[in-house]
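Chains A and B supply the protein sequences, listed in that same order. Counting from 0, one number per residue, gives the positions in the first sequence under numbering that gives the first Met the number 0. Counting from 0, one number per residue, gives the positions in the second sequence under numbering that gives the first Met the number 0.
Derived by calculation from the structure, the hints in this document are not laboratory data. There's no promise every hint is true.
Derived EDC-like pairs: lysine to aspartate or glutamate, alpha-carbon spacing no greater than 16 Å straight-line [as the list claims (entries may be wrong)]: (1) B:205 x A:8; (2) B:11 x A:174; (3) B:209 x B:194; (4) A:54 x A:43; (5) B:9 x A:174.
Chain B regions said to be covered by chain A (calculated; three or more residues, Cβ under 8 Å) [unchecked claim]: (6) 254–265; (7) 280–289.
Simulated DEER-style distance windows between Cβ atoms [unchecked claim]: (8) B:115 x A:238: 28 to 34 Å; (9) A:188 x B:159: 54 to 60 Å; (10) A:21 x B:151: 28 to 34 Å.
This structure is a prediction, so every number in the text was calculated from the model and none was measured. For glycine and all other residues, C-beta sits at the position ideal for the given N, C-alpha and C.
One letter stands for each residue in the lines below.
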Amino acid sequence: MRKRNSGKDRLITVALHVALAAGLFFAAFPIYWMLSSSFKSNTEIFALPPTILPKAFTLEAYAAILGDPVKLRFFFNSYFVAGAVTVLTVLIALLAAYGFSRFNFRGKGSLNTLIISTQTIPPITLLIPFFGLVVSYGIFDTYVALILTYLVFTLPYAILLMTGYLNTLPRDLDEAVAVDGGSSWTALWRVIVPISLPGIVATSVYTFLLCWNEFLFALTLTKSTSMRTVPIGIQLLMGQHAFEWNQMMAMSVLGSLPLLLIYLVAQRYFLAGMTAGSVK
Amino acid sequence: MTRQKRSHHKLKRAVAPYLYLSPSLLIIGLLMLLPMATVIAYSFQNSAVLRRDPSFAGLKHYQAIFDDPVFWASLWHTLYFTCMSVVFHMTIGMVFALMLNSDRINPRLRNVLRVLYILPWLFTAVIIAVIWRLLLEPNGVVNSILMQIGIIGSKVEWFSSPQTALHAVTFANIWAGYPLFMVSLLAGLQGIPKDFYEAADIDGAKAYQKLIFITIPQLMPIIISISLLDFIWTMQVFPLIWITTGGGPIYSTEVLSTYTYKLAFSSYNLSQASASAVVILLISLGLTLFYIRYQKAR
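This is chain A alone, in the form it adopts within the complex (with noise of 0.2 Å):
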């Protein structure tokens, strides 16, 4: 055991905490910086020396983006594009991990291999073709083009977080179903779903997440502004006022609400989708 108390012990504890405290610094002192600067005006955040707490606390910058018709549809694009493809990307996506969690069948092994490579196809690759098909079929700037080129990306990782997840539930429970002469359907729905929950939902906040965060093809595949998501409306803020610093703030901190709500009510399922590369 370690012999506490003694005086080289102390000094390693109080080294320990001095570097809790820089490494906190370093982690957080960027958000904290947004975060203050978006309080403040636009004159106070270039003010030597700089002010850590905003000098003359306001909100002008929330609600000159709250007040603004045209950010409120950035806003509302991002949100209405992410909850459809998490809609349909879970739906679909617990099709397949039921396919590939209860069933033995030809070229399983290889569909999985599959599956993981796809996850790491860079979008750049697929961004050229996509821009061909989505402007041949006429759905350029359009809430479809989204939505389906976002599916792609989010469906790898969906089938296998729910493959993972449906593999910790016993089989049992619906092969139960399968001896009362029931579908695999009736299984799916009646006793999988139900307990799937957790799963569903870790599934979900990830999806959303990757959406939310979509840059490229929403850069690409859209073009009027009343079609523009939230990290396209930042940087066309910072076009058109690039020195209306507080106003960009403000948006980011707005801009990144959800996941932080997500993360403090859910830390549990964010973590599990953000990990889930690594820890198959």
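Use these hints to put chain B onto chain A, whose structure you have.
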């Protein structure tokens, strides 16, 4: 059950998995595999996408890319950005995980710090880019602090000077990405059996010996698979660079994805962009194969 009914049931059981998988396979086939084939085809055509009847171009577009010094610069910047990011993600993630896992800190404090240390991960690349642009503005807070303590003599234009831009974006990416390692390693640390350390204590092992001979070997599988994934994902960086520097100044932060994007959507040279996209795809596939073989060997 009659025999007929039983064989009917068996047939259903054999077809069922394919039915459950069909929506996913349809989407992956039509929207992933087909486009991949399309982009390869584009790379061998003249005026791909723009003309209805493009002519065959052979390897012309690949030749053009390999002759372009900006392509090689982008490849080099991508490698620098990616290697530095992965190495520092791993180091910082490891240090933070070990600190948080120490029994010298109060469990309450540990939980609070864990939440705060994960924070950078919760922000979208675009927002990370905007935050760092504000911090690293010539008149911004970083310059102001560094000048106060005398590290720099005059204001540095971090993102707009060719000497510092690549380091600045790499730093921003290091800040944004270490929590993946931290969280995974923290989970890994908690999975190491306590008796390993107790046995080492009995043998009188020092703290650093326990780190080198127990902790790191036990975490190796996690370190390797996260490093590979991080490498593959970091290589695909786009929004962070697009918003902070746009690949400039004078191509000093151009990476493969911004290079390809500009070819396609600024110069509208979609054929050459496709060739570049295929090169990126091949690099990614090579690494992915390596990753899958590693996962299977585990």
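A quick look at each hint next to the structure:
1. The straight-line distance between the Cα atoms of residue 205 (chain B) and residue 8 (chain A) is roughly 13 Å, inside the 16 Å bound, and the hint therefore holds.
2. In summary, the hint linking residue 11 (chain B) to residue 174 (chain A) is supported, as the alpha carbons are separated by about 15 Å, within the 16 Å threshold.
3. With a C-alpha separation of about 12 Å, the suggested pairing of residue 209 (chain B) with residue 194 (chain B) holds against the 16 Å cut-off.
4. A hinted pair counts as satisfied when its Cα atoms are at most 16 Å apart, and residue 54 (chain A) with residue 43 (chain A) qualifies at roughly 8 Å.
5. Of the supplied pair hints, the one linking residue 9 (chain B) and residue 174 (chain A) holds, its CA atoms being roughly 14 Å apart against a limit of 16 Å.
6. Chain A is given as covering the segment 254–265 of chain B, and this holds because 6 residues of the stretch bring a CB closer than 8 Å to a CB of that chain, at least three being needed.
7. Residues of the segment 280–289 of chain B with a Cβ under 8 Å from some Cβ of chain A number 6, which satisfies the need for three, so the listed coverage holds.
8. The supplied range of 28 to 34 Å is met by residue 115 (chain B) and residue 238 (chain A), whose beta-carbon atoms lie about 33 Å from each other.
9. The hint said 54 to 60 Å for the Cβ distance between residue 188 (chain A) and residue 159 (chain B), and at roughly 58 Å that hint holds.
10. For residue 21 (chain A) and residue 151 (chain B), the Cβ-Cβ distance of about 20 Å falls outside the hinted range of 28 to 34 Å, so the restraint is violated.
Going down the numbered hints, you'll see the structure goes against just number 10.
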